[in-house]
Amino acid sequence: MAVRAYLKPRSPAEALALIEGDERAALVGGGAYLRLASRGYETAVDLCEAGLDYLREESEALRIGAMVTYRRLETDPAARNYCGGLLARCVGNIVGVQVRNIVTVGGTVAGRYAFANLTTALLALGADVVLERGGRKPLEQFLADKALVRDVLVEVVVPAVPQRGAWQDLTRVRADFAVLNAAAVRRGDAVRIAVGARPGAARLAFAAMAAAGAGDASGAGAAAAAELDFGDDLRASAAYRRRVCGTLVARAVEEVLA
Amino acid sequence: MNISLELNGRRADWDVEPGEALLDALRRHGVLSVKRGCDTASCGTCTVLLDGMPVPSCAVPAPRADGRAVTTVEGLPGEAARLGACLAAEGADQCGFCAPGLVVAVVAMSRELADPDEAAINHYLAGNLCRCGGYVSQTRAIRRYLQEAR
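Protein sequence lines correspond, in order, to chains F and X.
Using my numbering, you'd call the opening residue of the first sequence number 7 and step up by one each time.
Using my numbering, you'd call the opening residue of the second sequence number 1034 and step up by one each time.
Among these hints, one or two may not hold up.
To be verified - Derived coverage of chain X by chain F (criterion: at least 3 residues anywhere in the stretch with Cβ under 8 Å from a Cβ of chain F; other residues may be distant):
#1 1073-1081
#2 1090-1100
#3 1158-1166
What the hints assert, rightly or not - Pulled from the structure, derived: some chain F residues nowhere near chain X, Cβ distances all over 12 Å:
#4 Ala23
#5 Glu63
#6 Arg69
#7 Leu137
#8 Glu138
#9 Glu146
#10 Asp195
#11 Ala196
#12 Gly225
#13 Glu233
#14 Gly237
#15 Arg248
If you are wondering where the hints come from, they were derived from the structure by calculation, not from laboratory data.
Built from N, CA and C at the ideal position, the CB exists for glycine as well.
One chain only, chain X, in its complex shape:
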């Protein structure tokens, strides 16, 4: 079936399977920053923004993206560069597999929450797992990013 979405600000006309997940459609169309982690909506590594809202793309049917805006880390180059620099500076980059989903979730959080403290950050990002276990340094990097963004 044909769907038409706005991908990172540009119109995309895709032929998708009716039972296909948005994650698979994205990766099939070369958007490889969106990682396949658990594939069961538990790990957050496939996070994208759907009309600005963070969602696990592995659990969103691709047909549901028809007529809507999908943003991946490619659509957030400025934020990704600044948060990426903070992650590197705090030694939080680790293997990097969870980073694209984390960046998307942190951007969503920074738009949604005015001035989150550490507890609020940890609560908001509880759905973004890091198998390297880099949470402490990630939280440092995110606080630094939010401070610099202010």
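So that you can see chain F by itself, here it is in the shape it has in the complex:
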């Protein structure tokens, strides 16, 4: 990637000031995709020294700084033990330890990558994102917001209340992107279900959530397969994904209902 200047702001506010109104400035989170960027940037604004690599446990929330790496979701006790290890499980087989040491939570969420396991899990958890300018908003709303606003993702907030989580994905080989992924999170009698890598972006499966709330795991699988859209890509066909969706969602729901 061609870059003219490389800056390391000391806070998200400073980062926002650097990118605001400058279409030629790009934020760098993990940096894993820098290599693949086809266009050059005047200014790279690296968040590595902006104080965003924290994991903070509060009474009812876990706050995950945007620069927390996937590896820390696996190794830091606060993240590893969160919701039955859901966050650690959803990233644990992604490429290798080296890549998980650089890929960040914020880079994943802000990039709105449709293949991202983590986004599917966060959607099922009912996560909020906190933006430096835009403030706190539900992840669903952030993902649906197509207007590209210049902003800095500061942290992701997930509820830390009694809950059970289950993770399911299918890959052609273990370290590959998922053919399909699914997460279920149960709080009391309510179950939230998200399905991603369809290959479109992760979505909540509302009919499946209703079936799961009524205790019907296989019904939830069938509902998710019926209500969501699936597409073809080099990993699988839409029809195959629909079949896989029914099975993965049913398994995830069985796990959280058990």
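Model the placement of chain X on the given structure of chain F, informed by the hints.
Just chain X now, kept in the frame of chain F:
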């Protein structure tokens, strides 16, 4: 732009391009043990330690290494000699292209995991590809190295 890093225990003052990857900066400065494989953070052959943590140097911006410690296989001579001997003894050396990155990753693993079994070894090293397909003999060699290191 100028960066100052600690390379294998010695201070290095380098002029790097703002958009340059650490892999390219290392190779441009003669650290040729760090191999260019896939160049897309998928194969592990460019693995170096950044402040002790294994990272794919092809995906780390060189400016990010400013003020930090970078360790390549040259900085791990004792471990490299012992693991290299195990790789040779188990017939796992094959073409050798992936070996420097593998050695760095195995050293990181041995520091991070107390007593990894075969499944834990395979999981930790899933990001180190070997196109010769030498995984079975590599795993034997790594287990032997870990046993001898104990």
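(request) Quick one: which hint numbers does this structure break? Sort them smallest to largest. (result) Those not satisfied: there are none.
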